[in-house]
Amino acid sequence: MSSASSQQAPPLVAVAPPVKPVVARPVLSQPRWPRVNTAIDATIRALSLVGLGFLKPIVAICRGEDPRAHMRQLWLDLGAPVIAMTAFLLVWSQVSAGIQTSLGQIPGPVAVWQQTKALWVDHLVQREKATAFYERQEKRNAGKLAEDPAADMTVRKYTGKPTYIDQIFVSLKTVFAGFLLATLLAVPIGILCGASKTFNAMFNPLIQLFKPVSPLAWLPIVTMIVSAVYVSADPLFDKSFVNSAVTVTLCSLWPTVINTAVGVASIDRDLLNVARVLRLGKTTQLTKLVLPSALPYIFTGMRLSLGVGWMVLIAAEMLAQNPGLGKFVWDEFQNGSSESLSRIMVAVFTIGIIGFLLDRIMLALQNAFTYGPTR
Amino acid sequence: MSSKRIAASLFLLATAMTALGAGKGPEKEQLKLGFIKLTDMAPLAIAYEKGFFEDEGLYVTLEPQANWKLILDRVITGELDGAHMLAGQPLGASIGIGTKADVITGFSMDLNGNAITVSNEVWGLMKPTLATDDKGLPKHPIAASSLKPALEKFKIAGKPFKMAMVFPVSTHNYELRYWLAASGINPGFYSPADVNGNTRADILLSVTPPPQMPATLEAGTINGYCVGEPWNQQAIVKGVGVPVITDYEIWKNNPEKVFGVTKAWAEKNPRTHIALLKALIRAAMWLDDKNGANRKEAAQILSRPEYVGADYRVIANSMTGTFEYGRGDKRALPDFNVFFRHYANYPFYSDAIWYLTQMRRWGQIPEGKTDAWYAETARKVYRPDIFIEAAKELIAEKKANAADFDFVSEGFRAPTSDFIDGIEYDGRKPNAYIEKLTVGLKGQQKIESGNVVGK
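Protein sequences appear in the order of chains A and B. Reminder that position 158 of the first sequence reads as 158 in my numbering, one-by-one numbering, no gaps. Reminder that position 28 of the second sequence reads as 28 in my numbering, one-by-one numbering, no gaps.
Misleading hints may appear alongside valid ones.
As the list claims (entries may be wrong) - Mimicking BS3-like on lysine-lysine, the simulated pairs with C-alpha atoms at most 27 Å apart in a straight line are:
1. A/129 to B/380
2. A/129 to B/296
3. B/268 to B/296
Stated by the list, open to error - A short, non-exhaustive set of chain B residues, derived as facing chain A with CB atoms under 8 Å:
4. 27
5. 28
6. 60
7. 66
8. 305
9. 375
10. 377
Everything labelled a hint here was simulated from the structure, so no lab data went into it. Idealized CB from N, CA, C, for every residue including glycine.
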């Protein structure tokens, strides 16, 4: 099979990895402290990788370079976004004051900030309660032991409600579990599809069929199957966790499969010819040639997958009442108290910020591998 | 007594005595119980907050659920050990209305607590027809016949009149239907061909989860609903509707929610089940203690986001012995929420049988059944034996008074005619009762292609 031909008519839609220079190294006029400068350069590069590129002009100006050259960059990277954000906050507080819902006014930035603090205080209060709970339990267990030396002394987990911070971590854990599973499934499938036309022909209809399915459709089926298949007296994971994670997997699988397939299919033919000449084994070809050259594509796919997974997870948690941020939103919606809307807004921003951070992390990984030594 | 024992706290002693008295502790200590955000989940919240679960050596997590269907499914799949359920759910599940499974209950959580609310538009049409007292306020109870002008208007405009309840086998469904039918309005029949229960209906009933009721009413999707608290009081506070009647006025001291577990779970964890019931009985006692002096604190606990989460004033409206019918029209209703008095927690067979008669009346049980079938079905699902065992242990531990429990009735309340239409109900004669009801299926009647046939 010629990889070039499969490239000519790609049956799958892929998103090519962004080909942008990471950091255009500024040519320094007169490096005064070479070692310090090298360290600063490394830091800037790292910052740019995680999306904090706006620090670059500041560092450059501080270092004594011509400010005018960097001012425009600073404006684009920092000034414009800050102005937009301020305008957004202003419009928000103005508009929200005018909309009256049955739960009262739409909360403005101040109300949301207050609820953010309230949720944090609540977290601390719950932690204190948990400490008291463990103390009580210890006492009770001591009593049990005095009564019967063979008593069951298992320490039971705190039974109180999960706090907002707990919910965030539950969601993160779930999305990573689902995403990991998706990656483990998607990369091999993608490699097979990219390497063999037959496999591609086999999998393509299935991929096209399942790719557009919404998590809301998967969820009832997943729930039923998980509760039928995943039976154990003392399960390692909660069923609700498995439900959410599997739903995330099913929905976030596709971008990685597709991108991996394209990445593998578009490998340089020269490289394969060299491999043939050198009589490299299949495994060596895979690990030394195919995977390294497909890595940027795979990471692009994974980045898309994680984004999809995070969106899907919130919906799955809401619908299936699985613990996490989605359930928090749903519960607050059901509470219908005068604080509910502000709390939901807090969740909206949290979801947005976490989604953004996840994307940045994946982007950093992608950039690192795209221009890494593997190529 | 050893010095160690004396040093131990009183509470530890009690726990130790429980353990001695029962032989051994609960089989399963870490439990997850589900609930719906309604004030009648209070026994669960109180048992947790007051440490009654922990006193029994149970580590219970309470988790709110989205709707009644989900709560039943999650108890059946074992994701939840037990849950706050509608009285009709264990019965419905055991005879296979909707999901089929063996679910039992040994604890009835409360009496009353529901009300029917109509939209402002409907209330405007009802109000002129109502008799008023000397203060100019409408006289209660309000009969469903006052809905007729509104029904008429909707009919002329060609719009369907829609009302919501919370679940097909919910107490709310039967109470709403009872109220409508008592004034000759047909709420519609269920049949194997019509699982929505709208055959021959004058008013279309549908399902909406309790917390979404006010929002759905506000959106105009429905014209009224029957639901538990705080969602009727919420309608007043939000100004989207007016509660017209409470279920206390439809059937005085009607049984409401139950605590349900699967039969398999109960057989595997008998000690745990009794320990749970003991904690719940103590919580119910606390809620009705000192003539309701604890209710304010209860309302405060329930208003936390992890429980009901509605604003305190909304919850307190119905939890503290009053009920607000219209904005500012607050009246005393001390028995609106009963958690312990009137033997509220005893799972009476006669209560189960009343629900079964209503399931038959409206066609959810498509064929006539014998009196013996009603009694047998009730015995399968309602388990006063477990309740009595828990009560006896509490009495032995001096945590409860024997006088507060019923040990003589054999599971049947005395015949009562405390209904809005005054028809007498005797749990031992379900078929004779069904015969007396005006609207509804009787004897061997069936629904065939949209018509009532047979006799």
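So, going through the hints one by one against the coordinates:
no., hint, verdict
1, A/129 to B/380, "41 Å, violated"
2, A/129 to B/296, "22 Å, holds"
3, B/268 to B/296, "38 Å, violated"
4, 27, "10 Å, violated"
5, 28, "10 Å, violated"
6, 60, "6 Å, holds"
7, 66, "5 Å, holds"
8, 305, "6 Å, holds"
9, 375, "33 Å, violated"
10, 377, "27 Å, violated"
When held up to the earlier numbered hints, the structure conflicts with 1, 3, 4, 5, 9, 10 and fits the remainder.
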